[in-house]
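There are 4 protein chains.
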Amino acid sequence: MSKVIKGGTVVTADRSWRADVLVEGEKIVEIAENLSGDEVIDAEGAYVIPGGIDPHTHLEMPFMGTTAAETFESGTFAAAAGGTTMLVDFCLPGEDGSLLNAIDDWDRKSRDQICCDVSYHMAITGWDENVFNEMADVVNKRGINTFKHFMAYKGALMVEDDEMYASFKRCAELGALPLVHAENGDIVQELQQKYLAEGLTGPEGHAYSRPPEIEGEAANRAIMIADAAGVPLYIVHVSCEQAHEAIRRARQKGMRVYGEPLIQHLTLDESEYFNKDWQYAARRVMSPPFRNKEHQASLWAGLSAGSLQVVATDHAAFSDEQKRLGLDNFTTIPNGTGGLEERMAMLWTTGVETGRLTPEEFVAVTSSNIAKILNIYPMKGAITPGADADIVVWDPTISKEVAVSTQKSIIDYNVFEGMTVTAQPRFTLSRGDVIWAWGKNSQPQPGRGKFVRRPAFASASKALSKWKALNTPRKIERDPMNIPSGV
Amino acid sequence: MSKVIKGGTVVTADRSWRADVLVEGEKIVEIAENLSGDEVIDAEGAYVIPGGIDPHTHLEMPFMGTTAAETFESGTFAAAAGGTTMLVDFCLPGEDGSLLNAIDDWDRKSRDQICCDVSYHMAITGWDENVFNEMADVVNKRGINTFKHFMAYKGALMVEDDEMYASFKRCAELGALPLVHAENGDIVQELQQKYLAEGLTGPEGHAYSRPPEIEGEAANRAIMIADAAGVPLYIVHVSCEQAHEAIRRARQKGMRVYGEPLIQHLTLDESEYFNKDWQYAARRVMSPPFRNKEHQASLWAGLSAGSLQVVATDHAAFSDEQKRLGLDNFTTIPNGTGGLEERMAMLWTTGVETGRLTPEEFVAVTSSNIAKILNIYPMKGAITPGADADIVVWDPTISKEVAVSTQKSIIDYNVFEGMTVTAQPRFTLSRGDVIWAWGKNSQPQPGRGKFVRRPAFASASKALSKWKALNTPRKIERDPMNIPSGV
Amino acid sequence: MSKVIKGGTVVTADRSWRADVLVEGEKIVEIAENLSGDEVIDAEGAYVIPGGIDPHTHLEMPFMGTTAAETFESGTFAAAAGGTTMLVDFCLPGEDGSLLNAIDDWDRKSRDQICCDVSYHMAITGWDENVFNEMADVVNKRGINTFKHFMAYKGALMVEDDEMYASFKRCAELGALPLVHAENGDIVQELQQKYLAEGLTGPEGHAYSRPPEIEGEAANRAIMIADAAGVPLYIVHVSCEQAHEAIRRARQKGMRVYGEPLIQHLTLDESEYFNKDWQYAARRVMSPPFRNKEHQASLWAGLSAGSLQVVATDHAAFSDEQKRLGLDNFTTIPNGTGGLEERMAMLWTTGVETGRLTPEEFVAVTSSNIAKILNIYPMKGAITPGADADIVVWDPTISKEVAVSTQKSIIDYNVFEGMTVTAQPRFTLSRGDVIWAWGKNSQPQPGRGKFVRRPAFASASKALSKWKALNTPRKIERDPMNIPSGV
Amino acid sequence: MSKVIKGGTVVTADRSWRADVLVEGEKIVEIAENLSGDEVIDAEGAYVIPGGIDPHTHLEMPFMGTTAAETFESGTFAAAAGGTTMLVDFCLPGEDGSLLNAIDDWDRKSRDQICCDVSYHMAITGWDENVFNEMADVVNKRGINTFKHFMAYKGALMVEDDEMYASFKRCAELGALPLVHAENGDIVQELQQKYLAEGLTGPEGHAYSRPPEIEGEAANRAIMIADAAGVPLYIVHVSCEQAHEAIRRARQKGMRVYGEPLIQHLTLDESEYFNKDWQYAARRVMSPPFRNKEHQASLWAGLSAGSLQVVATDHAAFSDEQKRLGLDNFTTIPNGTGGLEERMAMLWTTGVETGRLTPEEFVAVTSSNIAKILNIYPMKGAITPGADADIVVWDPTISKEVAVSTQKSIIDYNVFEGMTVTAQPRFTLSRGDVIWAWGKNSQPQPGRGKFVRRPAFASASKALSKWKALNTPRKIERDPMNIPSGV
Ligand SMILES: [Zn+2]
Ligand SMILES: [Zn+2]
Ligand SMILES: [Zn+2]
Ligand SMILES: [Zn+2]
Ligand SMILES: [Zn+2]
Ligand SMILES: [Zn+2]
Ligand SMILES: [Zn+2]
Ligand SMILES: [Zn+2]
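Residue numbers (full-length UniProt numbering), protein chains in the order written: chain A, 1 to 487; chain B, 1 to 487; chain C, 1 to 487; chain D, 1 to 487.
Next up, chain A with everything else stripped away, as it sits in the complex:
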């Protein structure tokens, strides 16, 4: 049974044009004017865009002694309600350190719950021969082409420079892409101790102990290591000018570095932590913390300039009760905020409606760019014949105030609460199924989502490898006559 999305303006990362979109089963089969199908989905007055991809979520993640409260079911349904049809979750090795077992765990957790498609980034939280070996299977057998490295969370997830180098080199060999959480974990810990020692225990201490310089430093370091290892690099949650500057500087040397700001950092600022209400401030605790407005301006410019490519959420939602674990000590407040459901609408409202971004750039940074980086384009991230029918009918006339009472996320608050967004998905399709329809009492369809396998050796990886091979240092050949005979 076919569906035709009629009457809308298709917007891709390239262009916008009036056309209908015909869907057969899970795929887009035709884009043209005046198409017909068994079922009509009304897009009159709306945009027809590729479903959003959020490449940075932590659903049900065990972290800081608790587990992120958003489930794969609630998270993927909230995503759909917000116009996002795929998310990439971070898979963390368990106590046995095995990558493959961790994937099995994540599959077990997600399989029966997910309402839309997912994939995983694999975290490298230590280094040994087993990790080295398993990485090949992760890439080649499990279809995961990205590995995450934490430069912070010392004593827990953090890896050292030589471990990063080893893992990055392994990524280069396997055609995979390393990701980093860029903050200097040593110095974060030192500043945490300093502020605690001074009796500064509230959520504002979280922000003070993770200043922009600490993020910029780590970004800069990761870039150098990736360059030495000969591999592209993707820096998650770029929150500040310092990290962004490091990225720009690298790119201007021809290095292939990507940067991902979060919708939170684009729209919320550090004054949130100074709120007189502890719970209000604690809800906003995430790493990196929100920054001041100068940093926001830097991030926005990066999106239009192309030095930053992707807008994500780092959705890691903890309940009010969980946040209270850090009541006397900000370092034990579970780190994370939500955003999965609001990412698209918030970016449209503050980006497209203000003229900072074109509609095409909106599509690029919410979907197409990350699909290319993850090497799943145009299966995902595109409106083109043959692509998965992950499509959103995006209605720029629906205005809505963000409210916990109406959200699909199961968290008991929302960092965007009270803000008005000026667009919403009228319909969200995941591989041809309508999984969200505005005002139609849509319900979650757990278990219908699939795991998306991603092939290695994206085009940028291949180009960089070629360049590095051609430019590798050469041995100087010396005549034995010109070498002394020894000590």
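Since the hints were derived computationally from the structure, they do not count as laboratory data. Accuracy of the hints is not assured; some may be wrong.
If several chains are the same, the list does not tell them apart, and a pair holds so long as it fits within one copy or across any two.
[Stated by the list, open to error] Below are the PhoX-like pairs computed for lysine-lysine, each with C-alpha atoms no more than 20 Å apart in a straight line:
#1 Lys440 x Lys276
#2 Lys462 x Lys440
#3 Lys400 x Lys194
#4 Lys253 x Lys293
#5 Lys450 x Lys109
#6 Lys475 x Lys400
#7 Lys141 x Lys450
#8 Lys194 x Lys154
#9 Lys468 x Lys253
With chain A's structure known, arrange chains B, C and D with the ligands on it following the hints.
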């Protein structure tokens, strides 16, 4: 009669995939595996890419007391032989100053000669009410959405800052895009006089009198004026780090500025002017002149980083005899070099084969990006159903030494002479017609090319206008009580 | 009769140490512990610093149809009261265009009024052979080694790029230093017309029509022209990051460029123009206008980093009544504010007391640096044997609220009104004379001040000339065999 | 018995003037024209400058399994012969880890040998409570106000980020200045292993394994850590644009960071390592390695712009035989080159004679700046009454080819061999004693040198502490009503 391009790998600015391309008449109608058509064009082992677009040529241009020797016929045929299926020529007002008459002139010159499609940029070489008025017709009636401004060539083409501002503002109103040749004409003239006065009359004086700082300054100035006028800006022939830095700096503030390096500046350096053979050096005289290798590295990085978007040629070819007009005085050597025929192959060889660029980036910077900037995408610059069948079957196995003896350009030398390129167009199609087939003794088909009309108000223009309108300074309302009663 | 300044801490640009200072007549003769002299000046608990030098004043300047209200008498007395013992005023050619006559005029105006020493910068407001010729006499006979160029005030003082180049080259020959007021006068005028046309006539329009980009552009352009002419450059009233960035970029290429922020731009911001009281806002109208706090941070960092060298005032004070000339049109509000009297105290309070500057840096940027740049160090700007006894006993324990009622300036308002400064001169000595003593009812001593002659060819000028001579482009020698025989 | 230095031009960091200098005992007592004394030192036609200070030497240092061959006697005599009158050597803790014992060791080694004055930097090569405690004594009892940290030499001298932070904080408390050797030791080691594994064992491998990015990264990291700890920072042997860029970026944020290029990096380039003669190349092995000419240009510009302050040598001289310890493995070639004797003459020749530096800047970067940074100005680094009579009569007419045969260093080669320098010390005075006289067969005077004690809390340290204290984050005071009652 349909044609099917079979067995190749389609490469667009987005992606690469194995597919056949079906062409009906002038248009691409389908892209899929296993297509068939009336005629088969063999793409086995080759890439199938959008025809190149060279947005910067000066064919038969009256300049510096002579006329560029490359004709519309020879130029467009050379283009086709090199894989370029569209070029945008600069249309200069004549003595009457009328823009519309100039377009008529250019049409008259080009119409019966062009072998592939063309469009024009309109030059603004002075400012008055008539120019102001004609600009609307140029855009709305003649389909030209770009206006060129020369900041150099004092006493001839050069315009002053207030004229640029006026024209840029007019562009903003009309949804057109201003272009600039960025060199400080005042200081160029001063340095020319200085070197001539010192008896330094050879072609090296051309390079000395146009140092990078002079280009960077003008680029920086044009960017400020465009920002003040609220319009995007396109800077032609970006040859040096200084101009590139100004562009990067602007983009990082959210300004919408584009930069166009030339294939010559990417691959040739200033030492060419120091050649002991006068004629050799004079052939390379163009503005801006070639730079040193540090500048080349900057330009290459800009292409992969996205701070530069387009590779062009500024093809303005003068014969050896014409060059000798400046035998005793470098300032009278007609400025210009060729490159139309070699742009694609040189960029592939030095860019893609070295890993500096991916194949997709190659397509972006030779074709798709400029099509988007000129607002004719995806009619041009794309391999997609509905697009013009301007297609090149790009064969990465044909190696060739650049030689005057085999070139299609009618100029008696070639600045790339003796260099080996490692790819060539196997077939070049212009709106479905094969206009070049390697080794098949293709002949020019003058008069088959068409003028391409370009609509105003590209997406970036609209976004910028929205931003500027929202951020325009606001009047402070003052109570009459707080305003003194006068002097 | 000798004087000994006893018990203080001498602070120079180099260092701080406990010592007495012995003055004989007009000169410092000894610095050591336990000195004695005929008269004792008590410096117990205070710093002993070189008298401030304000290199940027406009006393009694005819401008915008009126004349700056601060006289040479009131201005130099206000200076003394604030710890400034020398100022450099801008000498503007009159209708006859003669530089030498202008100096005579300025001498006539100042001679009988000045309470402390002065010098002049000579303005170049047009270019012809007479100006070229007179410049030599200005430097060699009149002892003026600086020439000011206005890139703004179109139709009045503004010069074009080729005129600047010509004058800068002349400066290079004469060993003089060019100065620029850096704003793009063309675009300022365009924006003025735009805002007026929109009915935006209030003082805020002044700020809107002179945005930071316009200043940055001009600074960048002047730097390029100075580089082409082979001469150092001094940019007056650097008010924003854009101009500062251009300076830093130039310096990092080895260019010799100096930047002078004003005390106003370091401490006041653009919100002043949004004041609901017209007169309040109009009093702050000066060019460039005050900027936002990000720009302030840039300027402060420049002072400690050494990329900016001098803090001045651009003291050009117009009365409330004069300001009302622009009641209906901000472009006719006379441009200028005061600051001569508060410069030292404001900088101490906001710079040294906050730790942004060391006491030594305070001395450097208020006195020693400009003395070196003007090539009159250590006659001025130093506490060293042989130097002029221009000395301030600077008391960091006197706190004072800036108030019109107590100021020595004759203007009827003060842009720092109501602010508290935490240091004041206890005594100000000019060539050995006490011209100001806190709380002692000091009176102006008009006519005691002298004109300070400044020699050409400062050390940086000589070094730059040497570098430029060694690096001048060289002619390529070509065998006649390799030069064609002509057209 | 007094000495008068007659007929010369005194050059300081501030200015140049004709004057005689009168020395009584160890001190300068007067500077004026026409002085007389018991003994006349002829300075006719020469400059009279402060003795050079080389703040970076490793004499007789145990390192990499051997001991630097230059002794305190030969080193200090070579220094004197080159116009350097003070050097600061690096004191490394021995196996017991005690800082105080290390100082005793160094004293024992140096005391009877030194011909001129010395001081030490204390190295922090690990962190524990004893080090923390001893640091106070090092500063307050031993007069050492600088602590060196190695970010490279993993497994030997290297410290981790948290150790650096702890030590930097301790420096802040004590008013001391941390120094860093900035290279990422982890990545250096990885690259060393990589190249060795590829069979690339020659000296060029040393350069390949320590690319500029690795230095830039470490510099950037150290700067962040210093900023977090609230202390100024001095980066030794800045060899490349990357490290210099990090310094400039920091300074432009108001951070107090100093950079020290070496004379070797200013004048020699990486091609030295590609020499076909193994021994030639091995002699040049030092860390960081020599860089290409673009980096040299960056360093030179930094000296004139003020973003780099000091020119040193890192004199650590190993004999040919010692170098052959790394015959089969570049990682075991002892790192180090000489330069102590040539620093002044090479910098004069390539800096002042070319116009890159003024004579005053030459004095600043060879002597005065480091004296200020080390808080011993004007006892050292100045020509002023009361200063130590460490004076050089600098003769710009003595041209000399650098040659092992004539050098005073006892090393069997010289990295500047064959180069011509165009100035030499005619006389070198150390605290009033002539310790070198050109052409007079001067002999070392071992044991006459003294250890120079340096007080803590230099002016920049105090200012920074004040700024940090004023800008420390503040606790948000929350009403108990607004804090939840617990989990
Ligand atoms: Zn993270
Ligand atoms: Zn995360
Ligand atoms: Zn041009
Ligand atoms: Zn052109
Ligand atoms: Zn001015
Ligand atoms: Zn002024
Ligand atoms: Zn070192
Ligand atoms: Zn060292």
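>> With identical chains, the pair lysine 194 and lysine 154 could be close in the same copy or across copies; at 20 Å between alpha carbons, which is it: within, between, both, or neither?
In response: within (16 Å within a copy, 28 Å between copies)
- Item | Intra- versus inter-subunit Cα pairing at 20 Å for lysine 450 with lysine 109 | within (13 Å within a copy, 60 Å between copies)
With 20 Å as the alpha-carbon cut-off, assign the pair lysine 440 and lysine 276 to within, between, both or neither. Close neither inside one copy (39 Å) nor across copies (52 Å); limit 20 Å.
(request) With 20 Å as the alpha-carbon cut-off, assign the pair lysine 141 and lysine 450 to within, between, both or neither. (result) within (16 Å within a copy, 52 Å between copies)
Given a CA cutoff of 20 Å, do lysine 253 and lysine 293 count as a within-copy pair, a between-copy pair, both, or neither? Classified as between: cross-chain Cα gap 14 Å, same-chain 28 Å, threshold 20 Å.
Notebook entry, point to check: Is it within a copy, between copies, both, or neither that the alpha carbon of lysine 462 lies no farther than 20 Å from that of lysine 440?
Noted result: Neither, since 46 Å and 34 Å both go past 20 Å.
- prompt: Between copies, within a copy, both or neither: which fits lysine 400 and lysine 194 at Cα up to 20 Å?
  reply: neither (43 Å within a copy, 38 Å between copies)
Worksheet item: Between copies, within a copy, both or neither: which fits lysine 475 and lysine 400 at Cα up to 20 Å?
Response: Answer is neither; intra-copy 65 Å and inter-copy 31 Å both fail.
Check your understanding: Which holds for lysine 468 with lysine 253 at a C-alpha limit of 20 Å: within a copy, between copies, both or neither?
Key -> within (13 Å within a copy, 30 Å between copies)
In this structure, the hints that do not hold are numbers 1, 2, 3, 6, in rising order.
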